[in-house]
Structure formats: structure tokens, C-alpha cells
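Listed here are the chains, written in short residue letters.
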Amino acid sequence: SQQGEEDPQALSIQEGENATMNCSYKTSINNLQWYRQNSGRGLVHLILIRSNEREKHSGRLRVTLDTSKKSSSLLITASRAADTASYFCATALNTNAGKSTFGDGTTLTVKP
Amino acid sequence: DVKVTQSSRYLVKRTGEKVFLECVQDMDHENMFWYRQDPGLGLRLIYFSYDVKMKEKGDIPEGYSVSREKKERFSLILESASTNQTSMYLCASSLRGGYSNQPQHFGDGTRLSIL
Numbered sequence: 861s862q863q864g865e866e867d868p869q870a871l872s873i874q875e876g877e878n879a880t881m882n883c884s885y886k887t888s889i890n891n892l893q894w895y896r897q898n899s900g901r902g903l904v905h906l907i908l909i910r911s912n913e914r915e916k917h918s919g920r921l922r923v924t925l926d927t928s929k930k931s932s933s934l935l936i937t938a939s940r941a942a943d944t945a946s947y948f949c950a951t952a953l954n955t956n957a958g959k960s961t962f963g964d965g966t967t968l969t970v971k972p
Numbered sequence: 013d014v015k016v017t018q019s020s021r022y023l024v025k026r027t028g029e030k031v032f033l034e035c036v037q038d039m040d041h042e043n044m045f046w047y048r049q050d051p052g053l054g055l056r057l058i059y060f061s062y063d064v065k066m067k068e069k070g071d072i073p074e075g076y077s078v079s080r081e082k083k084e085r086f087s088l089i090l091e092s093a094s095t096n097q098t099s100m101y102l103c104a105s106s107l108r109g110g111y112s113n114q115p116q117h118f119g120d121g122t123r124l125s126i127l
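From first to last, the protein sequence lines stand for chains A and B. The numbering of the first sequence is the numbering used here, which starts it at 861 and goes up by one. The numbering of the second sequence is the numbering used here, which starts it at 13 and goes up by one.
Looking at chain B on its own, in the form it has when it is part of the complex:
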């Protein structure tokens, strides 16, 4: 079974801090994703990576950056945390699959609170 592990289930940080959310997958998947999930807004894609060191902006990249130095690890960085970034953050991975999108496998999420 694919396992996607997010480093923290709950995290509390202060406004202005630089925050790192880590995600590791163990199935050699090419694609990795970061989403945020907010009530009434569903899942929104922040960033997408289709290979090591490759990244693509999603729908809401402002205020975030990502790093993918190794295939199994995809990090989301909040450069200067703000209260409107309080949310549930979900990491996912999938095989590449070209235009035939493959199922995504999700971690259990990190509930981040910015005070």
C-alpha cells in the first residue's frame, strides 16, 4: 500500500514565521501535490511537482513556495505566515500517467493554525 506521511498532524505557529510542512511518499511516485482544504472552498491546489526539482503553480500559490530535492519528499514553505493561511494542508502523490490521470494518494493532513 502507498503511504504518504505528513510530518505533523497539528501545528501552531506565529504570524511572520517561516513554516515548513514536510511530506514523504514511499511508492516512487513522480507526481506530488500540496492542497489546502477550507470549509466551503473544497480542496485547492497550491503547487504540483512532476519530477525532482520541477514544480508548477496551482490555483493559489501566493505566499507559498515548495522544494523537491528528492523524489520521495515534497516540502511546502510558508515564507512569512499570516492568519489567512490557517487551514488544513493535504499532501498527495500519484504515478505520472501522462494525460490519463492516475489516482492520488493522500496523507492525513496537517492542521495549521497561525496566531
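The shape of chain A in the complex, shown without the other chains:
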């Protein structure tokens, strides 16, 4: 089964609201990354958080990592219609140098 699993599968919010997506994984990781995918396009890297970090910010994005619970969350504050996309977490295992395992993604819809 997938190493990383996002929750919820789909999320619909109004513009200006915050969006929170969660990712759970099963085994010890080296780092965890979040990616975004607009419809019909490739994935774009958003943020990387290492296993020894607990929180990281990038603009309106905030990522947390709880290695004891094997989970991460991505918070998008003050969402915009342009944030509508699918969001994926990707985990890099300690033993799989170079490779990451992607979850199924959360589809976010931001209504104007």
C-alpha cells in the first residue's frame, strides 16, 4: 500500500478561508515533501521538511511534521481561487536514496 496517504481526498472551501490537508505515512522517513498539481499539468514542488524539523513556512504555506505520529499537515492560509489544484505528499525513505513515494493526493477547490 502507499507509504503516504492524504486526507481528506477532496476539500472545498471559500476564497479567503484556510485549507488544511494531512498526510500519514507508515515507516521512518528521511524527509517529506509537498507538491501541487494543476489540472492536466505536472507536479510542482512546494516545500520540503526534514525528519528533524517540526515546522516550515513558505509564503502562505505552513507545513508541520510529527514523526511520532508519522503525519504531516499542509496549511494554506487566505486561500485564493488560483490555489485550486491537487496536493500530494511524498515521503523519502531512509533506505531508498533518491526515490520518493507519493500519496493519492487531496483535491482542493477554492470557490471565488
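Any given hint could be a false lead.
A short, non-exhaustive set of chain B residues, derived as facing chain A with CB atoms under 8 angstroms [said to hold, decoys possible]: (1) L55; (2) L90; (3) E91; (4) A93; (5) N96; (6) G119; (7) G121.
Because the hints were derived from the structure by calculation, they are not lab data. Built from N, CA and C at the ideal position, the CB exists for glycine as well.
Following the hints, put chain B in place on chain A, whose structure we already have.
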């Protein structure tokens, strides 16, 4: 900015054909990847290459092969296309980075239909 270019956005082929999907990156990245993306199954790694002429099987290599003769180019080959290989194929590249995995840069994908 890193650019990963996939040769076709849409491709239609027939069952039994040999299909080539090409991917080129312009940032001298050591690692290159081929994934397929299917609804409900997320991204699944088909093959991974960490250097020229080097390759490693991913999670679903059956029915596929790859070629990396030059650092910037990574080709995915469907030896004898079948309808269950209809999918979105995504190529990605990254710096090597050892055990500290580097961000992957993706192409826009090839939507392949096998009839």
C-alpha cells in the same frame, strides 16, 4: 528554472505497438524518473535512473523498459502496448543529493491512450 520536456502531450497508439516516450531535462540532473498516474492510484514509479546507462526498477516495471544514453534524456519504452497501459505518464528529474532527497521537477505529462 529547470525545464523538463516530454515529447508529446497526447498520444494514441494501437495494442501491440512499441511505444517510445521521450523526456529531456536541461539542468544537468543526475536522477530521472518515470511515473504513471491513474485515478485513485496516485503516482506510481515505473523506473528510476541515477546516472547515464544506470537504471533501477520502480514499483511497476512490468511491460516497460527504459533507456538513458545521455544524461539529459530518459526514454520510456512500452515493448508491446496493451490497453491497461492507457494512462498519464509523468517524467521527473532531480539532483542526486544522496540520502537527502532533492525536490523533483516534473514535465507536463503525456496522456497515452492504447486502443
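Comparing the hints with the structure gives:
1. L55: This interface hint holds because 4 angstroms falls under the 8 angstroms limit.
2. L90: Violated, about 20 angstroms.
3. E91: violated (23 angstroms)
4. A93: The hint is violated - A93 (chain B) has no Cβ within 8 angstroms of chain A, the shortest such distance being about 22 angstroms.
5. N96: violated (19 angstroms)
6. G119: This interface hint holds because 5 angstroms falls under the 8 angstroms limit.
7. G121: Given a least distance of 6 angstroms, the restraint on G121 (chain B) holds.
In the structure shown, a violation is registered for the earlier hints numbered 2, 3, 4, 5, in ascending order.
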